[in-house]
Amino acid sequence: MKRIVAAVGILIVLFAAWRVLGQTSGPEARPVTAPANARSAGVGQGPAAIPVFAARVARRAMVQRLQVSGTLQTDQDVRIASRLSGKVVAVRVKEGDRTSPGQELVQLDDREIQAQLARARATLSAARARLSYAHNSATVKDAAARSERERALQALATAQTQLEQSRRQASIVASETETRVRTARANLEAARNQLKILQEGARRQERREAELAVRRAEVEWENARRYYQRRVELFQQDAVDREAVDEAERALSVAQAVLDAAKERLSLIEEGPRTEEIRVAEEGVRTAEEALLQAEADQARRQISEDDIRNAEAEVERARAALAAAEAGLAQEDVSRDDIAAAQATVDQGQADVAFYETQLADTRILSPVAGVVASRTVNPGEMITPQNALLNIVALNSVYFEAEVPELDMAMVHSGMRAEVTVDALPNRRFSGSVREIIPVADRDAKNYRVRVAVERGAVELPAGGFARAWIDVGKHENAVVVPKEAVRSEGGERFVFLIVDGKAKRQVVEVGLADDRYAEILRGLLPGQQAVSAGSPAIQDGTPLKVQSVPGAAREPADSQR
155 MKRIVAAVGI
165 LIVLFAAWRV
175 LGQTSGPEAR
185 PVTAPANARS
195 AGVGQGPAAI
205 PVFAARVARR
215 AMVQRLQVSG
225 TLQTDQDVRI
235 ASRLSGKVVA
245 VRVKEGDRTS
255 PGQELVQLDD
265 REIQAQLARA
275 RATLSAARAR
285 LSYAHNSATV
295 KDAAARSERE
305 RALQALATAQ
315 TQLEQSRRQA
325 SIVASETETR
335 VRTARANLEA
345 ARNQLKILQE
355 GARRQERREA
365 ELAVRRAEVE
375 WENARRYYQR
385 RVELFQQDAV
395 DREAVDEAER
405 ALSVAQAVLD
415 AAKERLSLIE
425 EGPRTEEIRV
435 AEEGVRTAEE
445 ALLQAEADQA
455 RRQISEDDIR
465 NAEAEVERAR
475 AALAAAEAGL
485 AQEDVSRDDI
495 AAAQATVDQG
505 QADVAFYETQ
515 LADTRILSPV
525 AGVVASRTVN
535 PGEMITPQNA
545 LLNIVALNSV
555 YFEAEVPELD
565 MAMVHSGMRA
575 EVTVDALPNR
585 RFSGSVREII
595 PVADRDAKNY
605 RVRVAVERGA
615 VELPAGGFAR
625 AWIDVGKHEN
635 AVVVPKEAVR
645 SEGGERFVFL
655 IVDGKAKRQV
665 VEVGLADDRY
675 AEILRGLLPG
685 QQAVSAGSPA
695 IQDGTPLKVQ
705 SVPGAAREPA
715 DSQR
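For the sequence shown, the residue numbers in the numbering used here are 155 to 718.
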């Protein structure tokens, strides 16, 4: 760059000197500079030579690039759900967090599956031991004893499953009925408080509390409204799914109901109770009392008795005893080849069970399938979920592209699959590989521009969705092209030409220009490699003008074929 600046500065000085020579006239006029042969030959030897810079016509590869720009987008939106039903114990990400492939997003309660897996592994170990015994035994065992043992195993497994179900059902029923009883008691307490307020009238503290409740409800409603509007905008941009919008709409409805209730309560406090309101409140108390009695009755009817659990435990013990007896009888018999096959089948079944529970255990950890950004989250720790629940929505960043507008005159050069070099304003020191993925063959009605989609291929996971990107599309390349510096090509009256330096004079040579970049122009016709062309000089040069080639120490113009 310093060499170019120095060369341009000297060129300006020489051009100024030429202007002084050209504008000075009369007998007293004296040239600022003149060649040595002109000074010795006298005034009548012809015009002074114009100082110029020269470049050699050479060959090199020429690549033409088209610059386009646009905003980064992604076309992959991943809905995260669970394969299992269960309780959520942890959520590892929040909205806006970046994810990587295999990163844990949600953890389900895995205690029951861990127990089932432990039992399956124990069963598999026992099955393998039986298979080893069958192979090593010299005699065969009675098939009936083996079948009895298998039935005992199945009976034990069934009894254990029944016991677990009884205990689990007892816990679930107790939890459900207890929740209903607590809810009924809370409703009764609220009804009694409401009746008490109506009977006693509102105090100043209650009025202030009601006013504060209205203001809080208004704030919650406004927040819910803004959240809903934001979800609608994101849905219109395909950034979230419809379920996220529905969830936001339900939250807005709840906030509206809370606000209406708060306003109604304040209105009641301000207006004071009426006889009809007191009667309605008394009726509400009676209704709440009846609901509580019903909930307590349901709790008493639905609760699984301890006798049921004890019966299930006894059944397990009987199954264990039957299994022990079957194993004792089996040990007294020879093992047959059929027994070996059955033992192998049991091992296979055990392996399948272990694999099944291992898969279920792995499914309690919900992992990110892609690298991306969490767009929405609809699950929290403590919630019960099913496979139908959408938990998270992730916008993938490994399918990044941007749409750019290309002028109509340039569209003929652009084709799908062309390579491109991409830069992003947010990552100024990085360059990414890309390609033209799609051309949208519909022009803008006003600007007559076409849209092309440029896909970013390498390192796209680092690119921020919504960021501004630029691409240079390689639209043409000519190997071994004849080139000159771009500034050597001049234009006049729609004709392009180059001044060659022949015997110290300018020779105007009409040329046909092909590809061009920021430094060189391809000459399709008119020049030959090795010729000297004027690369910089006075705009007054004409065909036959004497020229003096200037050289700048340390900044001489290099031949075109060495400028890569």
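Hints are computed from structural coordinates only; laboratory data are not their basis.
Some hints could be false.
[Stated by the list, open to error] EDC-like, lysine to aspartate or glutamate: derived pairs with alpha carbons at most 20 Å apart: (1) K241 - E318; (2) K417 - E374; (3) K659 - E641; (4) K241 - E512; (5) K631 - E646; (6) K661 - E646; (7) K640 - D598; (8) K417 - E360; (9) K631 - D600; (10) K241 - D264; (11) K661 - D671; (12) K640 - D671; (13) K241 - E266; (14) K350 - D264; (15) K661 - E641; (16) K631 - D671; (17) K631 - D564; (18) K702 - E649; (19) K417 - E467.
[What the hints assert, rightly or not] Pairwise CB distance ranges (calculated): (20) V243 - Q410: 58 to 68 Å; (21) G571 - Q505: 43 to 53 Å; (22) K350 - E376: 31 to 41 Å; (23) R380 - E512: 44 to 54 Å; (24) T225 - E512: 18 to 28 Å.
Virtual Cβ for every residue (Gly too), placed ideally from N, Cα, C.
Exercise. Is K661 within 20 Å of E646, Cα to Cα?
Worked result: Roughly 15 Å between the alpha carbons, so the hint for K661 and E646 holds.
Exercise. Going straight from one Cα to the other, do K661 and E641 come out at no more than 20 Å?
Worked result: Roughly 16 Å between the alpha carbons, so the hint for K661 and E641 holds.
Exercise. Does the structure keep K241 and D264 at a Cα separation of 20 Å or less?
Worked result: At roughly 9 Å apart (the allowed maximum being 20 Å), D264 and K241 satisfy the hint.
For this session: Measure nothing beyond the straight line between the CA atoms of K417 and E360; if it is 20 Å or shorter, mark the hint as holding.
Result: Roughly 13 Å separates the two Cα atoms, so the pair holds.
Problem set entry | Distance restraint between K350 and D264, which requires alpha-carbon spacing of 20 Å or less | 48 Å, violated
Exercise. If you draw a straight line from the CA of K702 to the CA of E649, is it 20 Å or shorter?
Worked result: With Cα atoms ~25 Å apart, K702 and E649 exceed 20 Å; violated.
Problem set entry | Agreement of K661 and D671 with the hint, judged by alpha carbon distance not exceeding 20 Å | Violated, at about 25 Å.
Problem set entry | Restraint status (C-alpha distance of K417 to E467 at most 20 Å) | It is violated: about 57 Å lies between the C-alpha atoms, which goes past 20 Å.
Problem set entry | Outcome of range test on Cβ distance (G571, Q505; 43 to 53 Å) | 49 Å, holds
Exercise. Holds or violated: K241 with E318, Cα cutoff 20 Å?
Worked result: 18 Å, holds
For this session: Sort out whether D598 lies within 20 Å of K640, counting only the CA atoms.
Result: 33 Å, violated
Exercise. Are K631 and D564 close enough, with their CA atoms no more than 20 Å apart?
Worked result: The hint holds at about 15 Å.
Violation of the numbered hints given earlier is confined to hints 5, 7, 9, 11, 14, 18, 19, 20 and 24; the remaining hints are satisfied by the structure.
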